[in-house]
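Undergrad: Chain by chain, the residues run as shown.
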Amino acid sequence: MNYQRPELRDRLASEYVLGTLHGQARARFEKLRRQDALLDAAVLSWESRLMPLAGSVSSLAPSPELLTRIETRLGFRGKPEKQSWFAWLLKPAVGWVAAGLFVGVATTRLVDTIIPPPQTAQVAQLPASYVGVLSDPQGKAGLLVSSLRHGRTVDIKQLQPVIPPAGQQAVLWGLPKNGSAPIAVGILPKTSTGSFTLPATSEVLFAEVGQLGVTYEPVGELPKSPSQPWAFIGHCGKFWM
Amino acid sequence: MAESVDQLLARVALGDQAAFRALYAASASRLLGVAMRLIGDKARAEDALQESFVAIWNQAGKYAAHRAQAMTWMTAIVRNKAIDSLRATPKEMPLTQTNDDGEESSHDVADHNPGPLQSLLERCADERLRHCLGHIEESPRQALLMAFYDGLTHQELAERLATPLGTIKAWVRRGLARLQTCLQGAEA
Chain C
49 MNYQRPELRD
59 RLASEYVLGT
69 LHGQARARFE
79 KLRRQDALLD
89 AAVLSWESRL
99 MPLAGSVSSL
109 APSPELLTRI
119 ETRLGFRGKP
129 EKQSWFAWLL
139 KPAVGWVAAG
149 LFVGVATTRL
159 VDTIIPPPQT
169 AQVAQLPASY
179 VGVLSDPQGK
189 AGLLVSSLRH
199 GRTVDIKQLQ
209 PVIPPAGQQA
219 VLWGLPKNGS
229 APIAVGILPK
239 TSTGSFTLPA
249 TSEVLFAEVG
259 QLGVTYEPVG
269 ELPKSPSQPW
279 AFIGHCGKFW
289 M
Chain D
60 MAESVDQLLA
70 RVALGDQAAF
80 RALYAASASR
90 LLGVAMRLIG
100 DKARAEDALQ
110 ESFVAIWNQA
120 GKYAAHRAQA
130 MTWMTAIVRN
140 KAIDSLRATP
150 KEMPLTQTND
160 DGEESSHDVA
170 DHNPGPLQSL
180 LERCADERLR
190 HCLGHIEESP
200 RQALLMAFYD
210 GLTHQELAER
220 LATPLGTIKA
230 WVRRGLARLQ
240 TCLQGAEA
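Quick note, the sequences are listed as chains C and D, same order. Per this note's numbering, the first sequence runs over residues 49 to 289. Per this note's numbering, the second sequence runs over residues 60 to 247.
Keep in mind that the hints were calculated from the coordinates and are not lab data. Each statement offered as a hint is correct.
Quick list of simulated restraints, FRET-style, between CB atoms: (1) C:Ala189 / D:Ala102: 39 to 47 Å; (2) D:Gly193 / C:Gly71: 29 to 37 Å; (3) D:Ala102 / C:Gln217: 38 to 46 Å; (4) C:His198 / D:Thr240: 53 to 61 Å; (5) D:Pro175 / C:Gln208: 41 to 49 Å; (6) C:Ser228 / D:Gln243: 44 to 52 Å.
Idealized CB from N, CA, C, for every residue including glycine.
Could you put the whole structure together from the sequences, leaning on the hints where they help?
TA: Printed below as a string of structure tokens:
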């Protein structure tokens with residue numbers, strides 16, 4: 049079957065969502081869907097069209113223990129939560145030290161004198177990185193941005209949902225310390241955590257950058273300069289001694 | 060003010076367990092109803108719901124909030140898990156079934172009676188969808204509703220409606236195409 053024909057793809061997507069594909073055809077379609085963004089988009093369109101039908105089905109209260117079963121399965125109960133580099137950074141004790149370091153590096157470079165030795169030893173375990181904490185216009189933390197000093201990847205974690213308006217994308221900018229025009233760094237992933245590749249190493253891109261900002265720009269190539277107000281902005285610091 | 064399901068799912072995407080519990084509280088009954096309608100057995104429907112919420116937690120980070128409404132996205136996950144369960148062990152189709160209150164009713168598929176399916180369609184809150192489905196001829200419409208609400212394959216539809224497989228496939232294909240044309244016309 050030629051899955052490249054648009055009308056066939058749309059028909060298969062519609063029958064998959066309706067539920068009429070039998071076992072093998074259904075499994076084959078799901079495999080294709082995972083590899084094909086256009087097919088995935090066709091499925092999403094049909095889900096939007098047909099799922100409102102499900103709203104008229106009578107509700108049924110689940111057994112009281114079902115949530116416990118789900119939470120146990122997900123490891124919310126009985127097992128520690130997954131620990132990530134970010135989670136470690138966000139621990140209150142470590143976070144305050146990190147924040148202290150961050151402000152210290154960005155302003156006075158007197159870190160060694162203001163951080164007590166035991167805590168300094170703990171923070172020294174982090175690899176040398178550029179780190180930014182970006183806030184929304186209300187001052188609420190919105191994004192963590194980090195990149196290894198000599199790496200070519202930027203890692204992002206959303207601290208609040210970042211949802212560009214329809215037809216727009218979130219663009220990360222570096223604001224040079226000397227006040228010259230912002231430099232486009234890349235397009236943020238749409239997921240709550242993710243990463244993207246840099247055109248050069250962090251050291252080249254961020255060494256002279258004092259702040260990072262995010263604007264919502266029309267979908268397409270990276271713009272030359274921001275056309276919209278800052279959705280998020282914050283200091284960028286060098287996270288090493 | 061209580062957070063919407065969309066807001067809760069956005070927080071779940073950030074790994075917020077409290078938001079996950081609130082999302083479950085806000086949606087589990089509706090979603091279990093969807094699974095129960097397809098599977099017809101509460102224990103198996105709850106298994107499908109459990110798998111669905113595990114998927115919702117694990118995939119929420121990949122869910123882009125602007126792609127679809129949260130309830131649409133979650134309902135699609137539940138239908139897929141329920142259909143997987145149905146395909147693994149097809150449900151028995153008794154002539155009568157008993158609900159939680161002990162009331163007995165005849166199955167609305169076996170007797171070809173479109174009444175209950177029609178009333179489900181009439182309760183659909185999406186006026187455009189209701190209008191467009193209402194304009195499809197009766198037999199294709201009945202096939203579409205049976206497929207959606209009872210999770211039947213082409214082959215099962217052919218058996219239930221005592222109609223040749225080729226005719227069923229043509230009804231479904233034509234019904235979906237007309238639905239799409241009508242909905243796109245309504246969008247224009």
